[in-house]
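Could you slot chain B with the ligands onto chain A? The hints should help.
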Amino acid sequence: MIEVSDLYKSFDQNHVLRGVNLKVHDGKSMVIIGASGQGKSVILKCLLGLIKPNSGKILLNGFDPNSRQKSVIRSKVGMLFQGGALFDSLPIWQNVAFRYLHGKQKINAKEARKIAIEKLERVGLKKSFADNFPSELSGGMQKRVALARAIATQPEIIFFDEPTTGLDPIMAQVINDLIRELVVELGITAVTITHDIQSVRSIADEVALLHNGIIQWSGLLNQLDKSKNKYLKQFIAGSTVGPIESLR
Amino acid sequence: MIGFTAYTGRMFLNLCSFIGELAIFCIRVFTNTLTPPFFMRAFFSSVVQIGWLSLPVVGITSFFTGGALALQIYAGGARFNAEEVVPSIVAIGMVRELGPVLGGLMVAARVASSIAAEIGTMKVTEQIDALSTLSTDPIKYLVVPRLVAAFLTVPLLVGIGDSIGILGGYVVGVTRLEFNNTIYLINSINYLELWDILSGLVKGAAFGCIIALMGCFFGMRCEKGARGVGQATKSAVVSASVLILAANYFLTEAFFSS
Ligand SMILES: Nc1ncnc2c1ncn2[C@@H]1O[C@H](COP(=O)(O)OP(=O)(O)O)[C@@H](O)[C@H]1O
Ligand SMILES: [Mg+2]
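Going line by line, the protein sequences match chains A and B.
Our numbering runs 4 ahead of the 1-based position in the first sequence.
Our numbering runs 244 ahead of the 1-based position in the second sequence.
Looking at chain A on its own, in the form it has when it is part of the complex (with noise of 0.2 Å):
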């Protein structure tokens, strides 16, 4: 389970966060949507514990991630980045395997590739890409790279940054169905972000909206239609007439 609760994060006078309270229930799939710049990321890069918010309380099953109590749950928590953020240096298997081949999870490097290999083959990519380096991929395959790393060590919990963004609809739906899959398939507690709203409809049990720095609708995705919300209205319907300015 994830509470976030009267989140506020700041950048000098920039305030991103003013407060966002949220709650994913175990195993279920949660997609924040809103517009760029709104502070997406930054909600994640807080559950992660990489950025330290100004107040409020986070738990991700129990734990802290901004105390002493980080290391834990970062074993327990994968992370799909907004670019993929593969190790250029590493080819794909050790990117996949980085979690088997350093620090307290290690085992040998056999292993640990058999294991990559099997995570590749996961998400429909083949064997004989093992020894790629990440420049050598499209943008869709490093995302799938990305994302059988962040499945690699089996977690509990998982997030995902724009995993649909930067690719054809066709390999986005591929990534989706990906996702859901997992979700399902291996009862992975999710928080996706995303502007598609597409990937909405494939992949989330809930959504939320974050706006001006707060949750501006939150419910499940068969509410989503019905809402009234006009934050949300506008968002689905992709109109430039609302609450939400199209120049900033």
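Keep in mind the hints are simulated off the structure, nothing from the lab.
Heads up, a few of these hints could be off.
Each computed DSBU-like pair below joins lysine-lysine, with the alpha-carbon atoms no more than 35 Å apart [said to hold, decoys possible]: (1) A:K237 x B:K478; (2) A:K108 x A:K74; (3) A:K114 x A:K130; (4) A:K234 x A:K32; (5) A:K61 x A:K80; (6) B:K468 x A:K74; (7) B:K468 x A:K61; (8) A:K27 x A:K80; (9) A:K118 x A:K61; (10) A:K232 x A:K32; (11) A:K114 x A:K80; (12) B:K468 x A:K27; (13) B:K478 x A:K56; (14) A:K74 x A:K118; (15) A:K130 x B:K468; (16) B:K468 x A:K110; (17) A:K108 x B:K468; (18) A:K32 x A:K118; (19) B:K468 x A:K56; (20) A:K74 x A:K131; (21) B:K468 x A:K234; (22) A:K32 x B:K468; (23) A:K32 x A:K130; (24) A:K130 x A:K56; (25) A:K32 x A:K74; (26) A:K130 x A:K108; (27) A:K110 x A:K74; (28) A:K32 x A:K131; (29) B:K468 x A:K80.
All figures in this text were calculated on a predicted structure; none of them were measured in a lab.
Same frame as chain A, now just chain B with the ligands:
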């Protein structure tokens, strides 16, 4: 007037916060250096990057510097009939001063820039954040191996540079200045003391630390975009070079003034 005061005030505060940031960084790096785990593979690849691949640059620079030094000292020495000091002054000058300083500056240009660019790119593409989320401390994985590698290899480079510089002086001395080659060699070595050589190597180790720390520090605080990486690279090279020259003075003062 108020504008000026406010401006200098702000600059001063920025400077203080910068120095604070750097100090915290160095403390974090040193504590991480002394605690496990140590990333061996990253260390060896840094040794190759910093040490092995810098050899040609350092070698060529030292050779020509040694040669030029021989010509200069010969010309200077001739003014008071002391041409025979060429071999020993070339050796002492190379070993104590020019070997470490030029070696340090060349390695700074080559290595501080590439470290800053590499780590800076990792920073802006979120690879550093990715490391943290994969339970690996970026300081341990990226900074410590480079620091230790630079600390160990730059003195070696300096030692090699010293020898090649002396060789450069010898070649010029024998071919252009008509020195007898055995006498040149004997005089090179005879007046050289162990401490001359050691002090240069110690300087090299200090410069190695400066180079790695500056490269990593500016890489880690790199800002978004290609511009950010360019800025980080430039800052790393400039500050490493300036700090090397400043540190060289203070080390020389500490070693030889009495
Ligand atoms: N490390 C940082 N330092 C300063 N400002 C930041 C930092 N990270 C994000 N911001 C600012 O926070 C705001 C939200 O950014 P972000 O979370 O990336 O937006 P998005 O919702 O598109 O993911 C932006 O205005 C950005 O400039
Ligand atoms: Mg973002």
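Now the hints, each set against the structure:
The hinted pair formed by A:K237 and B:K478 fails the criterion: a straight-line CA distance of about 48 Å is larger than 35 Å. A threshold of 35 Å between alpha carbons decides the hint, and for A:K108 with A:K74 the separation of about 14 Å falls inside it, so the pair holds. Distance check on the hinted pair: A:K114 and A:K130 sit about 18 Å apart at the alpha-carbon level, within 35 Å; holds. Using a Cα cut-off of 35 Å, the hinted pair A:K234 and A:K32 holds, with the two alpha carbons roughly 26 Å apart.
Our distance criterion of 35 Å between C-alpha atoms is met by A:K61 and A:K80, whose separation comes to about 19 Å. At most 35 Å may separate the alpha-carbon atoms for a hinted pair to count; B:K468 and A:K74 meet this at roughly 26 Å. Taking the CA atoms of B:K468 and A:K61, the gap is about 29 Å. The hint holds against a cut of 35 Å. Taking the CA atoms of A:K27 and A:K80, the gap is about 18 Å. The hint holds against a cut of 35 Å.
Distance restraint check for A:K118 and A:K61: the Cα-Cα separation of roughly 39 Å exceeds the 35 Å cut-off, and the hinted pair is therefore not satisfied. Taking the CA atoms of A:K232 and A:K32, the gap is near 24 Å; set against the 35 Å cutoff, the hint holds. The suggested pairing of A:K114 with A:K80 holds, with an alpha-carbon distance near 23 Å, which does not exceed 35 Å. Pair hint B:K468 plus A:K27 holds up; C-alpha atoms about 32 Å apart against a cutoff of 35 Å.
For the proposed pair B:K478 and A:K56, the alpha carbon gap of about 29 Å is at most 35 Å, so the pair holds. Our distance criterion of 35 Å between C-alpha atoms is met by A:K74 and A:K118, whose separation comes to about 29 Å. For a cut-off of 35 Å, the pair hint linking A:K130 to B:K468 stands: about 33 Å separates their Cα positions. The straight-line distance between the Cα atoms of B:K468 and A:K110 is roughly 33 Å, inside the 35 Å bound, and the hint therefore holds.
Note on A:K108 and B:K468: the hinted pairing holds, with a Cα-Cα distance of about 32 Å set against a maximum of 35 Å. At roughly 30 Å between alpha-carbon atoms, A:K32 and A:K118 fall within 35 Å of each other, so this suggested pair holds. For the suggested pair B:K468 and A:K56, the alpha carbons sit about 19 Å apart, so the restraint of at most 35 Å is met. Between A:K74 and A:K131, the direct Cα distance comes to roughly 34 Å. Compliance with the 35 Å bound is thereby established for this hinted pair.
Pair hint B:K468 plus A:K234 holds up; C-alpha atoms about 34 Å apart against a cutoff of 35 Å. For the suggested pair A:K32 and B:K468, the alpha carbons sit about 34 Å apart, so the restraint of at most 35 Å is met. For a cut-off of 35 Å, the pair hint linking A:K32 to A:K130 stands: about 30 Å separates their Cα positions. For a cut-off of 35 Å, the pair hint linking A:K130 to A:K56 is broken: about 39 Å separates their Cα positions.
Restraint check for A:K32 and A:K74: the C-alpha separation of about 22 Å stays at or below 35 Å, so the hint holds. Among the hinted pairs, A:K130 with A:K108 is consistent with the structure: their alpha-carbon atoms are about 28 Å apart, no more than 35 Å. Between the alpha carbons of A:K110 and A:K74 the distance comes to roughly 19 Å, so the proposed pair stays at or under 35 Å and holds. Straight-line distance between C-alpha atoms of A:K32 and A:K131 comes to about 31 Å, which keeps the hinted pair within the 35 Å bound.
This hinted pair checks out: B:K468 and A:K80 have alpha carbons roughly 29 Å apart, not beyond 35 Å.
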